[in-house]
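Student: Sequence:
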Amino acid sequence: MDKIKPAMISKIRTYLKKIEIPYLRVHNDNILLLRSAGSHHYLLVQFYSMPEGWFSERRHFDIKISRPSDYNKAVDAIDKYLKGL
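In our numbering, the protein residues as written are 432 to 516.
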C-alpha cells in the first residue's frame, strides 16, 4: 500500500462528512457513497481491489466506479457524480 493512500483516504472521508454525504467503507478502505445521483445508485471510490464476485452480487444496483490517483481527482469524481454527470 502506498504511504500517501491512508492520508488521502482520510481527507476524502473528511470531505464527505463536511458536505454531509453518507458513505460506507468497503473492503480495505474503498469508499461507497450512499447517495444515488443521475442514473446510478452508488459511487464506489476504489483504491484497492474488490473481492471476486462483489459487483456481480450487486447486479440490481447501478454502481459507478472511480479509481482516483490523487485527492483532487477523487473530489472531482465525487462532485461530478453528485451533480448527476
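Because the hints were derived from the structure by calculation, they are not lab data. Among the clues, some could well be false.
[To be verified] The calculated DSS-like cross-link candidates involving lysine-lysine, where the alpha carbons are at most 30 Å apart (straight line), are:
1. 436 <-> 504
2. 514 <-> 504
3. 449 <-> 511
4. 449 <-> 504
5. 442 <-> 495
[Claimed, not checked] Cβ pair distances, simulated, as ranges:
6. 488 <-> 449: 13 to 21 Å
7. 514 <-> 483: 26 to 34 Å
8. 483 <-> 449: 31 to 39 Å
9. 445 <-> 490: 29 to 37 Å
We put the beta carbon where it would ideally sit given N, CA and C, even for glycine.
Student: For each hint, tell me whether it holds in the structure or not.
Tutor: Now for the hints, and whether the structure bears them out:
1. 436 <-> 504: holds, 13 Å
2. 514 <-> 504: holds, 15 Å
3. 449 <-> 511: holds, 17 Å
4. 449 <-> 504: holds, 17 Å
5. 442 <-> 495: holds, 21 Å
6. 488 <-> 449: 13 to 21 Å: violated, 31 Å
7. 514 <-> 483: 26 to 34 Å: holds, 32 Å
8. 483 <-> 449: 31 to 39 Å: holds, 34 Å
9. 445 <-> 490: 29 to 37 Å: holds, 32 Å
Comparing the model with each earlier hint shows a violation of hint 6 alone; every other hint is respected.
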